[in-house]
Structures are given as structure tokens and as C-alpha cells.
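K.L.:
Just need the whole structure built from these sequences, with the hints factored in.
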Amino acid sequence: MSKANKITIFILIVLLIIFPLLVNPYTIQVAITTITYSMLGLAFALSLKVGLPRMDIAAWWGVGAYTTALLMKEGISFWLTALIGGVIAVILGLVIFYICIPRGMMVFFIFCMILAMALYQAFGSVPLFGGWGGITGVPAPTIGSFAFIVKRDLYYLGLFFLGLNSVVYYLLYNSRIGRAWNAIGSSLRLSRSLGIDVVKYRMANVLIGNFFMALAGSFFVAYYRAALPVIFNFQAGLFVLIYLIVGGIYYSLAGPILGAIVVNFIPEYLRFAKDYQSIVISSVVIIIIMFMPMGILGWLNLKVKPRFFRQKGIT
Amino acid sequence: MTLSLFFQLIVNGLMSGGMYALVASGLTLTLGVIKIFNFAQGQFYMMGAFITFAIVGTLNLPYPVAILASLIMMGGLGMLFYFGIIQKTMIQGFFSTMLVTVLFSSIINQIALFTFAYKEQTIPAIFPGILTIGDVSFSIGKLVVILCAIAIMVILHYFMKTKIGTAMKAAAENMDVAQLQGINAKQIFWITMAIGCSLSGIAGAIVMPVTGAYLAMGMNVFMRALLVLMVGGMGSMLGALIAGFLVGIVESIAFHFVGYLNLLVILMSIGILIYFRPGGLLGQPLPIPGE
Numbered sequence: 417m418s419k420a421n422k423i424t425i426f427i428l429i430v431l432l433i434i435f436p437l438l439v440n441p442y443t444i445q446v447a448i449t450t451i452t453y454s455m456l457g458l459a460f461a462l463s464l465k466v467g468l469p470r471m472d473i474a475a476w477w478g479v480g481a482y483t484t485a486l487l488m489k490e491g492i493s494f495w496l497t498a499l500i501g502g503v504i505a506v507i508l509g510l511v512i513f514y515i516c517i518p519r520g521m522m523v524f525f526i527f528c529m530i531l532a533m534a535l536y537q538a539f540g541s542v543p544l545f546g547g548w549g550g551i552t553g554v555p556a557p558t559i560g561s562f563a564f565i566v567k568r569d570l571y572y573l574g575l576f577f578l579g580l581n582s583v584v585y586y587l588l589y590n591s592r593i594g595r596a597w598n599a600i601g602s603s604l605r606l607s608r609s610l611g612i613d614v615v616k617y618r619m620a621n622v623l624i625g626n627f628f629m630a631l632a633g634s635f636f637v638a639y640y641r642a643a644l645p646v647i648f649n650f651q652a653g654l655f656v657l658i659y660l661i662v663g664g665i666y667y668s669l670a671g672p673i674l675g676a677i678v679v680n681f682i683p684e685y686l687r688f689a690k691d692y693q694s695i696v697i698s699s700v701v702i703i704i705i706m707f708m709p710m711g712i713l714g715w716l717n718l719k720v721k722p723r724f725f726r727q728k729g730i731t
Numbered sequence: 002m003t004l005s006l007f008f009q010l011i012v013n014g015l016m017s018g019g020m021y022a023l024v025a026s027g028l029t030l031t032l033g034v035i036k037i038f039n040f041a042q043g044q045f046y047m048m049g050a051f052i053t054f055a056i057v058g059t060l061n062l063p064y065p066v067a068i069l070a071s072l073i074m075m076g077g078l079g080m081l082f083y084f085g086i087i088q089k090t091m092i093q094g095f096f097s098t099m100l101v102t103v104l105f106s107s108i109i110n111q112i113a114l115f116t117f118a119y120k121e122q123t124i125p126a127i128f129p130g131i132l133t134i135g136d137v138s139f140s141i142g143k144l145v146v147i148l149c150a151i152a153i154m155v156i157l158h159y160f161m162k163t164k165i166g167t168a169m170k171a172a173a174e175n176m177d178v179a180q181l182q183g184i185n186a187k188q189i190f191w192i193t194m195a196i197g198c199s200l201s202g203i204a205g206a207i208v209m210p211v212t213g214a215y216l217a218m219g220m221n222v223f224m225r226a227l228l229v230l231m232v233g234g235m236g237s238m239l240g241a242l243i244a245g246f247l248v249g250i251v252e253s254i255a256f257h258f259v260g261y262l263n264l265l266v267i268l269m270s271i272g273i274l275i276y277f278r279p280g281g282l283l284g285q286p287l288p289i290p291g292e
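Line by line, the protein sequences give chains A and B. Per our numbering, the very first residue in the first sequence carries number 417; after that it's consecutive. Per our numbering, the very first residue in the second sequence carries number 2; after that it's consecutive.
In short, the hints are calculated from the structure, not lab data. Beta carbons are placed, not taken as given, at the ideal position from N, Cα and C, and that holds for glycine. Relax, there's no trap hidden among the hints.
Label pairs and their calculated CB-CB ranges: (1) Gln445(A) to Leu69(B): 50 to 56 angstroms; (2) Arg608(A) to Thr116(B): 48 to 54 angstroms; (3) Thr123(B) to Arg608(A): 51 to 57 angstroms; (4) Lys162(B) to Gln445(A): 55 to 61 angstroms; (5) Thr116(B) to Phe724(A): 44 to 50 angstroms.
P.N.:
Written out as C-alpha cells, the structure reads:
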């Protein structure tokens, strides 16, 4: 990491920490949802590294959320339930991905879509999960006697989770495993010929993603104090894809976070559009895809940056 | 479960299965030839049903006109969709194009909600009456729907053997070589897109007199078309038909026993199926984008 990058990241972290002190509670609320969606977007970017587009985000998000909601109502501490949710997501994922990952990308893609839809139906119709009304009245997470009830505290809790998530992913991307993932993503055949066990590495990738998505679900329940099946429907997983494409598909860490910020905060300024909001958003994203193929970050890097910083070697 | 109920469930399953097969074959065609995943397929189905309502219910024209109109209009819309949006985003890869179709389907959904699909619409049955064999009775309308679905699949099967169909198959196999042989790629692409979308439209038009037209029907049928794609294997029309009927029957019987968990039951059986037969029941998997 270069010095300029370090300084930028330091400034960003400081900004994120003082952010809730400057704005009104409603904006903090939007920021908390943005944090959850950023975590999901990071998991999507992670699996895209190995060439697997996953459409089952809503499913694992829901698994984490429902585990936390169910266990916290039984009086178990939030931190333990978050861990248990992650482990359950990993174990369930192990069974499902054992079937569909060796069958290639297309089978994985479609199977995951069906899984997300099926789990959505299951959340809604099994009495244990509270039916379509969901589970409400979940207690707030606590450390000792301190409870996370105020929006600002929840924001910091989310920031902690997001930071943990990003650091783990950053370390993974720069390790031997990350290099193997990159190889699989750029050419499947070449990486096979180099002796990389594609199935095993893909498996590790999606299971790590599962764990962090379940964590995002647990955090979401801590904030929302309820788990409703409507939140975890299939469309929620599709929106995560939008964040990634808007942010920049080749930027695995910054892309999804920037995209989530842009897509979540723009609607706040589209109040005048009211009912036609989602039409406007969809059209804007289609236009972004057509004219900014690399996303906002790619556009900044390739089109805007060269105007201000002269590249080395060119006078 | 009585015999009569069992046959009722089978007929219901066959009817919805025929629709799944039609939508899934459109999905398969676009996936195989253009290498895009058209999420808007279900919305075209929904629009086909509403066009039928507009023509039969509001304009009081005969039913065949409605079928023809939804066929042509959905084909035209698919063509416009291809030339307007898909063509410009195709170079950016599989995910971007897929996302564009997702967004397009959500735009259609919203516009439909505000303009014509705000409530469920029905028309009087085109084929009223009940067929009774022994003590088992069937509704004739449902049987007609099943027959129509089979007929369209047969026509599609023979269409794939004509010159254009062969060119489509060649393009699905290897685009570069097909172009070297003198196949006009652009033409094949828009024809495929138009056929894929009109298949969904005609399915909606056929099923409308029985089930009525409502907004959520698009997403529901799309979800089941994915199941059909997994069971039937990609790229085979016969496989899509058989798999469609299979999924329809299993779904309708499972719904009778476990309610809305039926999707989970089908998912588990499909997991077992593709563990042993990765290519589906009898399909040769098409060349897959991205691998």
C-alpha cells in the first residue's frame, strides 16, 4: 500500500467516525442500512473473484438474521448468536455447495437463485419462524450493562463489523489464497493446469462469504429488532449486484461500499419522484451501465484522474 | 387423497407445467444463443396475459386475435429491448447484461403497477364445460391449455430444424465459427430475442382465460422456469417440456401436502438429481458463458 493510499484511508476512517456527530438521526439510519448492504456487496465481490455470481445473498443474510432473532429471544447474548448464525450458514452452505460447485458456474448460479426463493418461502410459512409476520420484539444487544439502543451506538457497532469484514477480506486478498482466487477468476483452465484445486478454493471462498453475510444479518436484526421474511426476499439479493456494478466491478473492496452509499443515499434526494422512484433509479443504473462500464471508481480512475495527475513517463 | 383429487392435481400440474416449459424454453434460447440471462422473461408472460385481457375483455375481439396480438407485440418488444439496450451492454460481459435485464423487468413491473396491472383481471371462460370420465371430472379449459402448450413446443421443435433454427443452433455452439460460415450474427441475435420473448407472451395469452391476469404471475412463473432449466438441462426443447410437466406435477402435489414449502421440496429433489445427473434429465448442456 502506497503512502497516499494510507493517508486517504486514515482520513476516510476519521470521517466515518465523526460522521454521526454531524448529521441528523434519520441520515444515521440510512447509513446503518448502507453498512449492512456494503457487507453483502463485499461478499458478492468476493465470490465474483472466483467467477461465481451468487444470487443467494438474501438466503444467507436471512439465516444469520433469523438465528440471531430466535436465539436472542431465548436470552442468549448477541455476540454468541452472531457467531452461531455464521457457523450455521457455513454448515448449511457446505452441504448445498458440495452439490452445486463441482457442476460449474451456471448450475451454481441458477441453484442459488432457487435456494434464495425457496428459503424466502420457508421463512414465511414455517411456524417456528413466525410466519409472514416474522419475529418481533428482539431485545437490544448489550456489553455488560451497556445496551446498543441509540442509533449512533448502533452505527459504531456496524462500523466495527464492516471494518472487521474489510480487514479480513483485505488480508485474504493479499495472501496466497487470494492469489489463487485471482488466478481462478482470470482463467479457469490455466489455474487448473497450474495445479490449483478449483473446487476447494471456490468452496472456501463462498463459505467465507456465507459467514460474513450471516454476520451482516445478525447486525441487521440488532438494529431492526425484528426479522421479517419480506426483507429477505430475492430482490434484496439483486440490489446488491447493483451496488457492485455502480461502484465498479473490478474494485473488490471499495466498489461495493461506494456503490451502496451512492444507491442508498440518492433516493433520499428523489423525494419529489415519490411513486416513480424505483423507475427513476432503475433507469439511472441502466444508463450508468451503458456509459460507465467500469463503474464510478473505474470512471474516476480512467477518465478523471489522468486530467489532474500527469502519469509518469508522459510529459 | 381420493382418485378424483389426484387427477385434479395432475391436471393442474400439467397446465402450469406447460407454461413453465414455454417460458423456460425462451430462457434457454436466449441463454444459449445470445449468452444473456433474461430476467424480464416473466414480465413478458405477465404482459401477454394483460394484452389478452385488453383484447378479449375490453375490445370484445375473438380470442385467437388476442393470442396472435400477444405473440407479435411481445416479439416486437423483445426486439426493441435487444436493439435499444442489450446490444449496447453485451460487450460488458454476462453480469452487466443480466443486471440490465433485472432492472428492465423492475421498470416494467412498476409501470404495469401504475397503469394496467393494479388489480387482478379475469375474462369469461373461452372453453366452458366439464369433461367427466367415470367419477373423475376435468375442466375443458385446462385441458385446452395443456394441448396448446404441447402444440407450441412441437412447432418450436420443428422450427429449430429450419434454416434459421439451424443457424441459431450453430451460433449457440460457436459464434466465431458460425460467422465464418456466413451466418449473420446480428440477425440471429434479434430473432432469438424476439422468439424468446414471444414464447413468454403467448404462454401468458394461453393461460389467461383460466387463471386470470395479475402482477405477481410473472415472477412466479420465472421462478419455476429456473427449476425447469435445472431439471430439463439447458438447450433441449423436449427436455424442457418433460421437465416442465414434471415440475408442475410435483409442485401441485407437494403443495397439497406441505403448502408453501413445496419449493423447498423441489429444490431438494433437484439437488439430488443434479448430483447424479449434472446435465439435467436429457439435455446436452449448452456452452456456458463465463467458463
